[in-house]
Amino acid sequence: MVPLSWYLIVAAALFCIGLYGVLARRNAIGILMAVELMLNAVNINLLAFWRYLTPAHMTGQVFALVVLAVAAAEAAVGLALIVAIYRTRDTVNVEEVDLMKL
Amino acid sequence: MLNLTWLIPVFPFLSFVLIVLFTNPNKKLSSGIAIGSVAVSWVLSWGVFFQSIAGHIGMGEEAFRLHVPWLPTGTEWFPMGVNVDPLSAIMLFMVPFVCLMIFIYSVGYMHGDPRYSRFFAYISLFACGMLGLVVADNLLMLFIFWEIMGLCSYLLIGFWFEKPSAMKAGLKAFLTTRVGDAFMLAGMLLLYSQTGELTFAHIFAPETLEKLAHTQVNLGFLGSLPWASLLAMLIFGGAVGKSAQFPLHVWLPDAMEGPTPVSALIHAATMVSAGVYLVARCFPLFTAVEAGPQLGLVAFIGAFTALFASTIAVAQDDIKRVLAYSTISQLGYMIAALGIGAYVAAVFHLITHAFFKALLFLGSGSVIHGSGTQDMMEMGGLRKHMPITFATFLVGTFALAGVPPFAGFWSKDEILADAFHQFTELGAASWPFFVWLFLTLAAFLTAFYMGRQIFLTFYGESRRPHAHAHESPKSMTYPLIVLAVFAALLGFAGVPEEFPVLGHLLGNPFHHFVGHGFPATPLNGLVMLISVAMALGGLFVAWLVYGRNPLKEGQPDPLIQALGPVYTVLRRKYYFDELYQATFIRLALWLSEVCFAFDNKWVVDPLVNLAGKAGVALSNLGGWFDRTFVDGAVNGVAAVVGWMGGALRQTQTGRVQNYLLAAALAVFVLLVISVVV
Numbered sequence: 405m406v407p408l409s410w411y412l413i414v415a416a417a418l419f420c421i422g423l424y425g426v427l428a429r430r431n432a433i434g435i436l437m438a439v440e441l442m443l444n445a446v447n448i449n450l451l452a453f454w455r456y457l458t459p460a461h462m463t464g465q466v467f468a469l470v471v472l473a474v475a476a477a478e479a480a481v482g483l484a485l486i487v488a489i490y491r492t493r494d495t496v497n498v499e500e501v502d503l504m505k506l
Numbered sequence: 004m005l006n007l008t009w010l011i012p013v014f015p016f017l018s019f020v021l022i023v024l025f026t027n028p029n030k031k032l033s034s035g036i037a038i039g040s041v042a043v044s045w046v047l048s049w050g051v052f053f054q055s056i057a058g059h060i061g062m063g064e065e066a067f068r069l070h071v072p073w074l075p076t077g078t079e080w081f082p083m084g085v086n087v088d089p090l091s092a093i094m095l096f097m098v099p100f101v102c103l104m105i106f107i108y109s110v111g112y113m114h115g116d117p118r119y120s121r122f123f124a125y126i127s128l129f130a131c132g133m134l135g136l137v138v139a140d141n142l143l144m145l146f147i148f149w150e151i152m153g154l155c156s157y158l159l160i161g162f163w164f165e166k167p168s169a170m171k172a173g174l175k176a177f178l179t180t181r182v183g184d185a186f187m188l189a190g191m192l193l194l195y196s197q198t199g200e201l202t203f204a205h206i207f208a209p210e211t212l213e214k215l216a217h218t219q220v221n222l223g224f225l226g227s228l229p230w231a232s233l234l235a236m237l238i239f240g241g242a243v244g245k246s247a248q249f250p251l252h253v254w255l256p257d258a259m260e261g262p263t264p265v266s267a268l269i270h271a272a273t274m275v276s277a278g279v280y281l282v283a284r285c286f287p288l289f290t291a292v293e294a295g296p297q298l299g300l301v302a303f304i305g306a307f308t309a310l311f312a313s314t315i316a317v318a319q320d321d322i323k324r325v326l327a328y329s330t331i332s333q334l335g336y337m338i339a340a341l342g343i344g345a346y347v348a349a350v351f352h353l354i355t356h357a358f359f360k361a362l363l364f365l366g367s368g369s370v371i372h373g374s375g376t377q378d379m380m381e382m383g384g385l386r387k388h389m390p391i392t393f394a395t396f397l398v399g400t401f402a403l404a405g406v407p408p409f410a411g412f413w414s415k416d417e418i419l420a421d422a423f424h425q426f427t428e429l430g431a432a433s434w435p436f437f438v439w440l441f442l443t444l445a446a447f448l449t450a451f452y453m454g455r456q457i458f459l460t461f462y463g464e465s466r467r468p469h470a471h472a473h474e475s476p477k478s479m480t481y482p483l484i485v486l487a488v489f490a491a492l493l494g495f496a497g498v499p500e501e502f503p504v505l506g507h508l509l510g511n512p513f514h515h516f517v518g519h520g521f522p523a524t525p526l527n528g529l530v531m532l533i534s535v536a537m538a539l540g541g542l543f544v545a546w547l548v549y550g551r552n553p554l555k556e557g558q559p560d561p562l563i564q565a566l567g568p569v570y571t572v573l574r575r576k577y578y579f580d581e582l583y584q585a586t587f588i589r590l591a592l593w594l595s596e597v598c599f600a601f602d603n604k605w606v607v608d609p610l611v612n613l614a615g616k617a618g619v620a621l622s623n624l625g626g627w628f629d630r631t632f633v634d635g636a637v638n639g640v641a642a643v644v645g646w647m648g649g650a651l652r653q654t655q656t657g658r659v660q661n662y663l664l665a666a667a668l669a670v671f672v673l674l675v676i677s678v679v680v
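Protein chains in written order, with the numbering used here: chain Z, 405 to 506; chain X, 4 to 680.
Certain hints may be false.
Derived Cβ-Cβ restraints for the label pairs, each shown as a range [as the list claims (entries may be wrong)]: (1) X:V640 to Z:L412: 26 to 36 Å; (2) X:V679 to Z:V406: 27 to 37 Å; (3) X:V679 to Z:D502: 34 to 44 Å.
Just so you have them, the derived chain X footprint on chain Z, three or more residues with Cβ under 8 Å [unchecked claim]: (4) 415-428; (5) 495-502.
Computed list of chain X residues with no C-beta within reach of chain Z, every gap over 12 Å [unchecked claim]: (6) L21; (7) I56; (8) A208; (9) P407; (10) F502; (11) L529; (12) G625; (13) V675.
Honestly, the hints are just simulated from the structure, not real lab data. Keep in mind the model is a prediction, meaning the values are calculated, not measured. C-beta: ideal position from N, C-alpha, C; glycine also.
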């Protein structure tokens, strides 16, 4: 059987890719997608720990489902914000959305 | 009624305050308030007067007195109060009545003046001053009211201040009388230092006067003389200024620049007689020393002024200036009378003179109002156009000239009789002889210049083309009529008792009231005849010169040819203005220039400038320190903070990704640290 550490390494890699995406992307939609990657990395961790450490309880699965729901909600809100920003400023480039700095 | 005496000056003062503060824009209301207030004062005054006649009011200790503490002086209080004795009572008879007449007259005369309300405010304040002076019971209060009148005189002479001549005349009056006031103030202060009292009843108490008469004051090289004489002469200085006696007479003729009611009220009837009143009031002080120089001085100045001013009046063409010099001359009569001890005669002449001189001035005002000129050479023939003015003016002229039985005859004759009586007792070389001689000559000149005035003004034909003279309004003619009645009849109050029929019938009530304690002068038929001859002779000569052949238009005054260079000297008032200009005024100007130089060029300004420059240098040093060190420290702190802020500001990019990167790096660092350690 695949050892637990492999899953964790995949999850960490996925998280780092997501983090890189969040930090480096200029497109707001790309950032949102990167955030989804980070959330999924967490999900992998949750499921991996559940399967290897406490398979008798359903907590890990449930928690992962909650994370999926929150991620869906977050994606919906995020996309709505991005649409709103696009309508007012004609761009989704986060470097040009600098109202807070003024 | 006597208890209300203190209210008499209060009402005009209230009227002044009301007009100035509230009713200035409303002309009718202002004049109404002024006339109402003086009418109330008049009623009160006559109440006091008649009660004084009926009651047992006497001089000195027998006077009615009412006083309250005023100023603390050590352990004592300096009192303020009223004093009613026959002298103030008789003044209360005259002053508010003449004031009232003149206030009413002013309604017509000042009609349409832009500063109508202000005029009534000023004359109300003046009435307050005069009435307060009359009822004051001490010398200090008297002096205060005296100065209030001086102020009003200044304000009213310069009432039409658009005219530079009026402005200058006001200043001249104020400064000239101030010379006399300085003497008076000095006398008052010395009196206070000697007696510690200024209340009349106390300073004129026999023991005080005794003490003043017997202590000598050393005046250095001038020798020594009794205190009483010195004080009397100093106080007389005030009277000389106020009553326009020689040598301080120069202001009164110029005071005619003021509105005519003011000339009548202040510069003929009331204020100028305040000087005479002061001498009469201080009469016990003047007579405290039997053979002192003070009475001689008073008599000499009075008699000289009487003659001197009447000669000038002969050569004046301005109708008001003639009357002004006549006023100076008549005041000289009163002063001279006081100087020879004819107290009752002086007060009597003061009262009658006030009525007929007010009448003459108001008459001249009416003439000016009707004919539009003040120059008698341009008048003529006004008799037909201004019948009421003419008739009343004629009464005033007869009263002033001393034609029997008008008021001036009786009062003037009493002075002459007193002088004559004294010189017959003392011999022809004594000064009462010169007083009598001067005054008799002055009487002749008085009759002459008044006759000249009448003939030039009212007779003949108008010497001015297109003159449309008209009679004045009723508010002006009625006061004239009332005053004319008094000018004609008032003399009967003082007919000598020995006079056939009349004297017995009337019994000289004036002497009994005012002169209680003074012996009545025996009647002297010769003096009376001489004075009547002088009066009629003067009028006759005036008729010869001006009445027989009335002047035609453009014809010069016949006096110019008759008197030659003398006329010029008289016309120029003996060059007194020029003399004062060349001496006192030039000296004063030179002194001011020296003071100016001392102040601005030599000492004061250089010192001030030096102090200023030193201050500037010190301040510069302080400023440099402040800028360099204090400012440097403050700016340094600010610069460091600003630099740091600028540096830290770089981290605040406003980009969430940068912050996240920082957070991620921090986590990574912490991770490394936790792994390594």
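Cross-check of the supplied hints:
no., hint, in the structure
1, X:V640 to Z:L412: 26 to 36 Å, "violated, 54 Å"
2, X:V679 to Z:V406: 27 to 37 Å, "holds, 30 Å"
3, X:V679 to Z:D502: 34 to 44 Å, "holds, 38 Å"
4, 415-428, "holds (count 4)"
5, 495-502, "holds (count 3)"
6, L21, "holds, 69 Å"
7, I56, "holds, 101 Å"
8, A208, "holds, 98 Å"
9, P407, "holds, 112 Å"
10, F502, "holds, 116 Å"
11, L529, "holds, 120 Å"
12, G625, "holds, 45 Å"
13, V675, "holds, 15 Å"
Violated hint: 1 only; the structure is consistent with all others.
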